[in-house]
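Here the protein sequences come in this chain order: W and Z.
Just add 20 to wherever you are in the first sequence, counting from 1, and you've got my numbering.
Just add 82 to wherever you are in the second sequence, counting from 1, and you've got my numbering.
You may find that some hints are simply not true.
Only pairs whose alpha carbons sit at most 25 Å apart, straight line, appear in this in silico SDA-like list of lysine to any residue [stated by the list, open to error]: (1) W:194 / Z:403; (2) W:161 / W:66; (3) W:161 / Z:154; (4) Z:149 / Z:184; (5) Z:297 / Z:400; (6) W:65 / Z:400; (7) Z:176 / W:333; (8) Z:297 / W:317; (9) W:161 / Z:212; (10) Z:176 / W:65.
Since the hints were derived computationally from the structure, they do not count as laboratory data.
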Amino acid sequence: MKLKDSGVLAIACREIGRMVSRPLYGLSMILAPLFCYIFFTTLMKEGLPQELPAGVVDEDNSSVSRNILRNLDAYQQTAIVRQYSSFADAREAMQRGEIYGFFHIPRGLEHDASSQNQPQIAIYTNSTYLIPSSLLYRDMKTMAVMASAGVGRQVLIARGAGEDQAMGFLQPIKMDMHALGNPYLNYSVYLSNTLLPAILVLLVLMITCFSIHTEGKDGTAAQWMDMAGGSVLKAVSGKLLPQTLLFSLMALVYLVILYCILGFPHENGIWPMALASFLLILSSQGFAVFIASAIPSLRWSLSLCTLWGVLSIPISGFSFPVMGMPDALQALSYLFPLRYYFLIYVDQALNGIQFFYSAWFYVALVLFMLMPLTDIWLLKKTAYKYTYLE
Amino acid sequence: MGNLLAVCGAEIKKAVSDAGVLVFFLVVPLLYPLLYAYLYGREVVREVPVVVVDDCRSAMSREFLRKSDATPDLRIISYCSDMEEARDLMHRHKAYGLIYIPSEFQETLNDGRQATVSLYCDMSGLLYYKALLSGCTMVSLDMNRDIQMERLGGLTAQQMEVQTMPVDNEYVTMFNPANGFQGFLIPAVLILVLQQTMVLGVSMLAGTEYEKRRKGQLALGPQYGNPLTVLCGKALAYLTVYFAVSAYVLCLVPCMFHMPQLWQPSTLLSFITPFLLASVFFSITLSSLVRDRESCFLLFVFVSVPLIFMSGISWPTSNMPAVWRYLAQLFPSTHAVNGFCRIGTSGALLRDVMPEYTRLWLLAGAYFMTALALCIRRYRSARMPEQAGTVQKSVSSM
Numbered sequence: 021m022k023l024k025d026s027g028v029l030a031i032a033c034r035e036i037g038r039m040v041s042r043p044l045y046g047l048s049m050i051l052a053p054l055f056c057y058i059f060f061t062t063l064m065k066e067g068l069p070q071e072l073p074a075g076v077v078d079e080d081n082s083s084v085s086r087n088i089l090r091n092l093d094a095y096q097q098t099a100i101v102r103q104y105s106s107f108a109d110a111r112e113a114m115q116r117g118e119i120y121g122f123f124h125i126p127r128g129l130e131h132d133a134s135s136q137n138q139p140q141i142a143i144y145t146n147s148t149y150l151i152p153s154s155l156l157y158r159d160m161k162t163m164a165v166m167a168s169a170g171v172g173r174q175v176l177i178a179r180g181a182g183e184d185q186a187m188g189f190l191q192p193i194k195m196d197m198h199a200l201g202n203p204y205l206n207y208s209v210y211l212s213n214t215l216l217p218a219i220l221v222l223l224v225l226m227i228t229c230f231s232i233h234t235e236g237k238d239g240t241a242a243q244w245m246d247m248a249g250g251s252v253l254k255a256v257s258g259k260l261l262p263q264t265l266l267f268s269l270m271a272l273v274y275l276v277i278l279y280c281i282l283g284f285p286h287e288n289g290i291w292p293m294a295l296a297s298f299l300l301i302l303s304s305q306g307f308a309v310f311i312a313s314a315i316p317s318l319r320w321s322l323s324l325c326t327l328w329g330v331l332s333i334p335i336s337g338f339s340f341p342v343m344g345m346p347d348a349l350q351a352l353s354y355l356f357p358l359r360y361y362f363l364i365y366v367d368q369a370l371n372g373i374q375f376f377y378s379a380w381f382y383v384a385l386v387l388f389m390l391m392p393l394t395d396i397w398l399l400k401k402t403a404y405k406y407t408y409l410e
Numbered sequence: 083m084g085n086l087l088a089v090c091g092a093e094i095k096k097a098v099s100d101a102g103v104l105v106f107f108l109v110v111p112l113l114y115p116l117l118y119a120y121l122y123g124r125e126v127v128r129e130v131p132v133v134v135v136d137d138c139r140s141a142m143s144r145e146f147l148r149k150s151d152a153t154p155d156l157r158i159i160s161y162c163s164d165m166e167e168a169r170d171l172m173h174r175h176k177a178y179g180l181i182y183i184p185s186e187f188q189e190t191l192n193d194g195r196q197a198t199v200s201l202y203c204d205m206s207g208l209l210y211y212k213a214l215l216s217g218c219t220m221v222s223l224d225m226n227r228d229i230q231m232e233r234l235g236g237l238t239a240q241q242m243e244v245q246t247m248p249v250d251n252e253y254v255t256m257f258n259p260a261n262g263f264q265g266f267l268i269p270a271v272l273i274l275v276l277q278q279t280m281v282l283g284v285s286m287l288a289g290t291e292y293e294k295r296r297k298g299q300l301a302l303g304p305q306y307g308n309p310l311t312v313l314c315g316k317a318l319a320y321l322t323v324y325f326a327v328s329a330y331v332l333c334l335v336p337c338m339f340h341m342p343q344l345w346q347p348s349t350l351l352s353f354i355t356p357f358l359l360a361s362v363f364f365s366i367t368l369s370s371l372v373r374d375r376e377s378c379f380l381l382f383v384f385v386s387v388p389l390i391f392m393s394g395i396s397w398p399t400s401n402m403p404a405v406w407r408y409l410a411q412l413f414p415s416t417h418a419v420n421g422f423c424r425i426g427t428s429g430a431l432l433r434d435v436m437p438e439y440t441r442l443w444l445l446a447g448a449y450f451m452t453a454l455a456l457c458i459r460r461y462r463s464a465r466m467p468e469q470a471g472t473v474q475k476s477v478s479s480m
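The shape of chain Z in the complex, shown without the other chains (with noise of 0.2 Å):
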């Protein structure tokens, strides 16, 4: 226990003296997250550039385009004379869609005919083709119910509705109210900060304990004898370190950020334990990759941005190939965004989060296994340098 103790203490003052393995620990989870949350803060896009070709140039086409104009989803930046001036505009990036409002339109209204407006988006983004669509939309069933009233006469606004929409609908969006970008990606991001800066810091460290000692410039002492406290004692320090960073991560950032919290503390606590002992031991795994300090960079931040797309946050998990689905079962991340997701932004208990619960302690247990296999190849030598008689004093000025 005092081995235990002895190694945790030493592997926190390595952490603490190395602006390196600090910056993977400290300054990323604390500043990564409020860039995300920065960066898509505004959730949607409002007011997207379009442009307008009004064909018509009558009452109608007007009042469609003035209503369209006043939506919060579309600013109406030109009217052009043709589609040539229209389409330049376009390709100039200055306009992300275009109105075009045909010569018969006010006609065929006044005809009693259906009416057709046409759109064309410009499809570099969804988000534009979103914004088009819903705004125009909302004018043209604005106008749709005056339209009608206007036809029918002399009916009051209830009967109207009636006449017009037998069937009413209404759409709730749950868990995202604003149904927008920071609601959506930035739970999977806290989670995946959290994960990813371990295995670097980790890595980082273990790079450095390999390298030192290959240049014989570091003996380990006698509490390095056991593989199993080692690897204890390395755990309950990176525990200690990420349990007050993920209390930072998963409740103050998306506090500060006005997301939504429904989590209940004890439930995120019993859910998170897991995770980070999962992690804790994927890190220390991996570390044994390493080699040297820096490589951890060129072999794992990359991972990051398949390891999102394997949570299933974006693309859904329901419609992924098979190995895809079970390539990122290995991943402490894949359960533990999908959990937290469910715990924190819609309020599920543990109860609710079972599969992903348990899966986190069997990866918990399975990386504790191959972390300790690599632990004691790796330890087995711990005090060879010695015998060989090349060590220098061991430089603790880490």
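So that you can see chain W by itself, here it is in the shape it has in the complex (with noise of 0.2 Å):
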């Protein structure tokens, strides 16, 4: 095949060079993705977090606290790091930021406990650090309680009762908890797999806009726009073109990543959510047109599309749920694509279930891409008569 100097394919090579041209391209959809994958998946490696700093107040400082204590430190999320001799001492190493929690055991706890005097042990965590003080506080919780019902035990057996029947007098409801998809809580699978992909999508979003307009600061717009006989459609396929391929090859990299090297969950295979990073560039991409042609103006454009690429991150609900959010926020969420990836990524590969029930996000996404179609050929206007708005 010969190339043309018109055409979607001439403009196409005219984009590599372009993109050649400048290392900023390299930097923003190579490195700046690549970077992001590697820092987040290497952050959370651990999954949970394991060991984490905590104290104690032992002032009670017998062989039952003695125990507690002991046990507590056993567990694998949490660590004593060091035993403080008041609370305020403790409540000052917290406030320095070199213990996430501490336990406190008042005084004369053995001696209460056995004479049915019913003492108190109390947990304090750092909640300012949700995640390490939500860890620590399942740890201690669970020795506190483990604590009370050792002793409660240790009564009933002696009185003649069964394990059995200890245990079902001191809890005769038990609560068996199925975290389904995710039974270790990992933390990687929950964040991860949202965050990568809403790196790249904040950087297609502003790649896209960028680009489009780039060429009415240079100048080459018009020039632009004759390769493609004036065919609008024509020229924007030919400059996403490239873009398209490399940003789906920088999709390939975080599925790899996330699903053949780190085997995070993906019930249905790999194909369904394949399918779903394609389609989410392609959806980006169609929004950023929609935006591009819709504001003729670069920075007013990009500045729009980077406040949708940022604001896609919280409003997708994988950290913070959509339906905590306020009613006007929960309606602005069906306007980001990268909530629908979200909602596939959950249906697919955590959940694993058939594909007709996320047929809809699917669709959705497609809606998205084909945005531009709605206002494209006010960009070919503003191609001719371009006026670089600082």
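Put the two chains together into one complex; each comes in its own frame, and the hints tell you how they fit.
Quick look at the structure:
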């Protein structure tokens, strides 16, 4: 096939030339996502934080209290790093950020427990650090309950009850929790699965918008349109084609990292997620073209795309659920491609349910892709009489 | 000194007359924290929709479900006849949890043995897990007490307590009373907004200046002759703007959303000074990478996401791989987030945040040196375009 100096392919080649000529493209299309992929997956490689630093204030200093502390330290998530002599000392250590929480055992614990005076163990955590504080709380609470149950069980067994009966009395109803799809509460599964695509979406939105409007700024927009024979659709598809390919490759990289190397849950195989990732890129490009056509200014359209990309991270609901947000924002969440990607991920990778449950989410992504069809003709007008607005 | 003030004045004038820079210096810091606080305003999720499969259909099982429905954490949306139906509702995202009560539930309890209630939770959000577990645990503790009371018979409530719970425990969530998202994420977002908008705005100003000088549209006056003066003048301009912006972002925003504010003015002021200084010189250093107005978006925006994780507010610092822990030290935001969290929400004094405070001063010093070096490179040729004679009259209608 001969390369012509007009048509989609020629524009694509021209775009590759533009991309190679500026290190900015390589930095933000290849290095930035790669850095983030490596950063997030290695940052949380433990899955669930282990050995979180905690402190104790043991005012009792009896064999019972020492036993409790030894057991607490044996928990995987808790590491007792120091004993403090008073509550005030421990609180200050928490303020200095040395520990995330501490366990307070009052004076006379052993004596009060055996004489049935119901002493109280207190758990303090620094909840400005939500994850470590919740995990420490879980261990400390279990320990406190076990300490109590241990005393109670001993009393009952001493009175002649069997193990079965003792537990049946101390805890008649027991909860049996099943965390579907992520039984170890792996934080990396919970966060990386959406954070990596989110970074890519942000960059796709910005690059698409930037590359379209720099034509105007550089004064090459008219030439670009002429190459497409005045067809704005051809012009844009030629321009975005190399970007689509490169971004798809970057999406493939995160798919391989998440599902092949780290082996995160992908119950229905990798293909539904590969399709979703590809559509995610196309839909983000579609959205960016829509914005770039509607707003004929590099800075304003780029600002809006950036805002959309950054906002899509919290509003996709992967960390704080959408149902907990104010109603206005719940409605707004429908306008973010990443939201649909997240829903597909939950269905197809995490829960592994049939395809038809997520079909509409795929359709939504396709609709984002088609958005430019409504206003792309505006872009042609902009291209021929572009005025660069600072 | 006169030159310094002239540079500072010119820089402020440029910033004020440039809508793009104003967006970063004023609009984003003004609105973005409000948006985040609004987003996480409810702190936790309440009334998580759950479905129920009750194979027991006894008085006890109904009591358990009624009480679960009454907790603030859960809301039962449907009683399903079998697991298949319940699963379908969960797959349609109508429910995020499933409570299953086995057929022998009441019988087991009447026998005095331990009965099990199974909970299944959708793991698309950890908050669903938390709500389901804490809601049902609360109900089971409550019912357990009633059952024990019945079995023991004739005891006072006090005696009961001691009998079933020989050692009591209490939980105090310090510094984030609602134990929710707002109290945990917002302080970090506030600091990050300050640093990142400064980087973006300063880069945009620098990019514009570079572009204009390259095109020969901008001649620099004699006050740009000394790089040290230029650097200090610019830094003074940004500092002035950001002291005002910080007052709003760090004091007013938390106040508007009723977040814990235990700081003392002198502590906050002395802590924020090295942070702003470090951020200013950090921004000027980074801005030398920028060759035009718009590339700052592509280069610096995405960095905010790793930065928030580097601060250790989400994933604990103690569990980060060493390489990221060291890298995190290079960013003013890391130290400022940790310091501000403790000063603002836990009432720490300057001596409690000494390590962060010292490191911020060190960073300020280090970035001052790099910024100065880069300024010398950039402004050594300050009057070069004039000598080349290609300069049109400086257009100051930025």
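Hints versus structure:
| no. | hint | result |
| --- | --- | --- |
| 1 | W:194 / Z:403 | 38 Å, violated |
| 2 | W:161 / W:66 | 23 Å, holds |
| 3 | W:161 / Z:154 | 21 Å, holds |
| 4 | Z:149 / Z:184 | 17 Å, holds |
| 5 | Z:297 / Z:400 | 50 Å, violated |
| 6 | W:65 / Z:400 | 13 Å, holds |
| 7 | Z:176 / W:333 | 23 Å, holds |
| 8 | Z:297 / W:317 | 21 Å, holds |
| 9 | W:161 / Z:212 | 14 Å, holds |
| 10 | Z:176 / W:65 | 32 Å, violated |
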